[in-house]
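Line order of the protein sequences matches chains U and S.
Numbering-wise (my numbering), the first sequence opens with residue 14 and increments by one.
Numbering-wise (my numbering), the second sequence opens with residue 2 and increments by one.
Because the hints were derived from the structure by calculation, they are not lab data.
Be aware that one or more of the hints could be misleading.
[As the list claims (entries may be wrong)] Each pair of labels, with its calculated beta carbon distance range:
(1) 205/U x 398/S: 39 to 49 Å
(2) 191/U x 337/S: 22 to 32 Å
(3) 299/S x 42/U: 42 to 52 Å
[Stated by the list, open to error] Partner residues are not named here, just some residues of chain U that face chain S (Cβ under 8 Å, in silico):
(4) 126
(5) 143
(6) 209
[To be verified] One-sided excerpt, in silico: chain U residues whose CB lies under 7 Å from chain S:
(7) 121
(8) 142
(9) 181
(10) 201
(11) 204
C-beta atoms are modelled at their ideal positions from N, C-alpha and C, and glycine is treated no differently.
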Amino acid sequence: MRNLVSIEDLDRSAIERILELAANIGQVADRPIKKLPSLRGRLVINLFYEASTRTRSSFELAAKRLSADVLNLVASGSSVEKGESLRDTVATLSAYGPDAIVIRSPHAGAPALLAGWTRAAVINAGDGKHQHPTQALLDCYTLIERLGSLEGCNIWIVGDVLHSRVARSCIQAFRMLGAQVTVAGPPTLVPDEFAQLGATVEHSLERMREADVVYALRMQLERMEDTLLPSLREYTTHFQVNSRRLGPRQLLMHPGPVNRGIELSGEVIDSPQSLITNQVAAGVVVRMAVLYEVLAGAPPEGNSPDSQSPALEPQTA
Amino acid sequence: MSTLAAVSRPPAELLLRGASVLDPNARIDGRHDVLVREGEIAEIGAPGSLQAPAGAQTVEAEGKHLFPAFVDPHVHLRSPGQEHKEDLETGTRAAAAGGYCAVVAMPNTDPVLDHPALLRGLLMAAARDARIPVGFMAAISVGLHGERLTEMSELREVGAVGFTDDGRPVADAGLLRHACRYQLLCDGVLALHEEDPSLSGVGVMHEGAVSVALGLAGIPSISESTMIARDALIAEHERARVHFQHISARSSVDALAGARERGVRASGEVTPHHLLLTHEDVRGLDTSFKMNPPLRSEDDRAALIDALRDGTIECIATDHAPHARDEKNVPFEQAPMGTTGLESSFAVLYTELVAPGVITLELLLERLSAGARLLELEVPLIAVGRSANLCLFDLDASWRIGEAGYESRSSNCCFAGREVRGRNLLTLADGAVAYRERAFALSAA
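Between the sequences and the hints, there should be enough to build the whole structure, so can you do that?
So, in C-alpha cells, the structure goes:
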C-alpha cells in the first residue's frame with residue numbers, strides 16, 4: 014500500500030491485514046520499552062491545516078514509537094498563513110526528503126492532490142468533511158478487540174452525519190467488515206442520500222435499542238448559525254444519547270472531543286459500556302500499523318529500491 | 002445599437018469546391034461550390050461549376066462539411082484585468098478555432114464593465130486585438146454589487162449588446178424590476194445568472210448523492226429554478242425581455258417552459274458541459290469539473306437534451322470560462338468555477354449527441370448560432386449576398402481534446418483527453434479568414 018487517502022482505497026483483506034498488524038504492535042505497547050526500530054532514520058511530516066489534538070499527537074507518538082523522525086507543521090505561524098499554496102508548501106517540504114506526509118486539511122481531496130505532487134507516502138488524517146480513514150480503522154480495531162468480529166453487527170451512527178468525515182469513513186469500513194450501519198439524526202443533518210452509501214437512514218432514536226453499538230458524533234455549535242438546528246436544547250431532547258436511551262448491553266463510541274451534556278450525557282461517557290478511551294489507545298497502535306504498512310514495504314526515500322526492508326522487531330536494549 | 006468589434010482584415014477571395022453545404026436556416030443541404038468575393042458569398046453553384054477568379058484562392062473541400070459559423074452569446078474573455086487567464090486576442094483565436102464567427106463577452110472583469118467609458122475602451126481594444134467580432138454585455142448593477150443600476154441607456158448607445166450580472170444573480174427582486182422597466186427606454190436583453198444565494202450557500206457542486214458521498218457543500222437545483230420562476234414573473238409583469246443563462250436543472254426547464262406558455266418573453270441557453278456531463282464526473286474531485294451552475298444529475302441532463310430538442314432552450318452557449326493552471330491546481334473547494342469550451346463545443350456535441358442519433362446535425366447547427374437571434378444580432382446564413390461567416394469541418398477526423406494544446410491562454414477544459422470526431426479546418430468571420438488549421442493548406446488557384 015503506497016498511500017492511505019480513503020477507505021475506498023482498501024478492501025476487506027487490506028483492512029484485516031492492517032488490524033492484525035495493529036494487534037501485533039499492540040502487544041508491544043504493553044511492554045516496558047514501547048519502541049520499535051522499524052522506521053529508524055525515516056522522516057514523517059505531520060502537516061496539519063486544522064486544529065487537532067488527538068489525531069496529531071497519536072500520529073506523532075506512532076511515528077516515534079517506530080523510531081522515525083517527526084516534523085510537525087501546523088497552519089498557524091507557518092508560511093501557509095503568508096498565502097503559500099498547498100502545492101508550493103509540498104514542494105518545499107519534499108526538499109527535506111520525507112518518507113511519509115500525514116496531512117489534515119479543511120478541504121476534501123487535498124491528500125489525493127498531495128499524493129500526485131510528492132514521492133512521499135501520503136496518509137490522510139482528515140480532509141474536509143470527506144474522509145478520515147485512520148479514525149475508521151481505529152474504530153474497527155476497537156470494536157473487534159471487544160466483539161471479535163463486526164460480522165452481522167448493528168451499528169448506529171448518531172448526530173451531525175452530514176458534516177462528519179468520520180461518519181463517511183466509518184460507514185464504508187464497518188460495512189466492508191460485515192456490519193449493518195444506520196445513520197440517525199435530524200433531517201437537516203442526515204439527508205436521505207446516505208442510503209446510497211449503504212446506510213439505513215433514521216430521523217429518530219426510537220429503534221436505537223436494536224443497535225449493538227451506538228456511535229455518537231460531535232455536534233458543532235456552528236450548525237446553529239447555519240440554521241440547521243433551532244437550538245442545542247431541542248437537539249438534546251431528541252437525539253442525546255443518555256442512560257434512558259442507551260441499553261445496558263449496548264456499546265458506546267465517540268470520535269472526540271465530546272461535548273458533555275450535548276450529544277452524550279455525562280453518565281454514559283463514564284459508564285463501563287463506553288469505549289471512548291479504548292478508541293484513543295487504539296489510535297496509536299493503528300496509526301503505527303498504517304505507517305508501517307505504507308513505509309516498511311517501500312525503500313527509504315532517496316535509497317535504491319533493493320535496500321532491505323526494516324524488520325518489525327522489538328528494540329533490544 | 003449593439004456594436005461588435007474586431008481587427009479589420011482583408012476580405013476573403015475564396016472558392017470552396019465541392020463541400021457538403023448544410024445550413025438549416027438557409028435550407029441548403031447538398032454538395033455545392035461556394036464562391037466568396039470581397040468577403041461576401043457571391044455565388045453558390047453545382048459542384049465543379051464555379052471557377053476561381055484571378056487572385057482568389059481555391060479550397061478543395063470535397064468530403065468536408067461547410068456550415069454557417071457559430072455565435073456564442075456567453076463567453077468570458079477576462080479583459081480587462083485578468084489577462085493571465087485570457088485576453089481579447091487569445092479568446093477570439095480560441096473561438097475562431099472552434100468555428101465561431103462572433104462571441105459576446107461577459108462584464109465580470111476587473112474592473113467590472115459597468116461604465117460607458119470602459120465599454121468605449123474595450124471596443125477600441127477589440128478593434129485592435131480581436132480576431133473575430135466581439136460584442137460586450139454591460140453589467141446590470143454597478144460593480145455587480147446588486148444595489149444600483151448602471152447607466153444602461155448610455156451603455157446601449159456606446160454599443161452594449163445587453164445587460165447581465167453574470168457570475169452572480171440579481172438577488173434583489175426590486176432591482177431586477179427596475180432594470181426591466183428601464184429596458185423600455187434602452188432595449189437590450191437582460192441575461193440572467195439564476196441562483197438564490199440563500200439556497201446555494203457555500204456550495205461547490207450539485208447537491209445530491211455525490212456531494213453527500215464526498216462531504217462537499219451542495220448547490221440544490223431549486224437554487225436556480227426558484228429564481229427562474231421568480232424572474233419570469235417579474236418579466237411578465239413588466240413585459241420585459243429576459244434570457245436565462247446556462248440552465249442546468251429539470252425544474253428550471255419546467256419553469257421556463259411554463260413562462261413561455263404564458264407568453265413571457267423569455268429565452269434560455271444551455272452549455273455543452275451540462276448537456277454531456279453529470280455530478281458523477283465530480284467524484285474524482287478534478288477541478289476541471291467545477292463550474293457554476295454545477296454539473297447536475299442524469300435526470301437533469303436528460304431534461305436539458307429534451308429542452309434543446311423541443312426548443313424550450315433555444316441556443317447553446319459555452320460559458321467559456323478560462324482560469325490559469327495554478328488557480329485550478331488546488332483542492333476542489335478552493336478552485337474557481339468554470340471550464341473553457343470554445344475549442345471543443347462542436348466536436349464534443351457532434352460526437353456525443355449527433356453521431357449516436359440523439360439530436361440531428363441540423364438541430365445542433367441551428368442551436369449553435371441561435372444565440373445571435375436571441376441577442377438581436379445577425380444570424381450567419383449561407384446565402385448569396387451575405388457576409389461570409391463560414392466554418393469547414395472534417396467530420397471524419399478523430400482527435401483528442403487538448404492533444405495539441407489550446408489557442409486559449411488557459412487549459413481548464415472539462416473535456417480534455419476525450420476522443421472526438423469533427424475537426425474544424427477553416428473559419429471565416431465577417432468576410433475574412435479568421436482561422437485555418439495548420440495542416441490544411443489553402444492552395445492558390
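Checked hints:
no. : hint                      : verdict
1   : 205/U x 398/S: 39 to 49 Å : holds, 47 Å
2   : 191/U x 337/S: 22 to 32 Å : violated, 43 Å
3   : 299/S x 42/U: 42 to 52 Å  : holds, 50 Å
4   : 126                       : holds, 6 Å
5   : 143                       : holds, 4 Å
6   : 209                       : holds, 4 Å
7   : 121                       : holds, 6 Å
8   : 142                       : holds, 3 Å
9   : 181                       : holds, 6 Å
10  : 201                       : violated, 12 Å
11  : 204                       : holds, 6 Å
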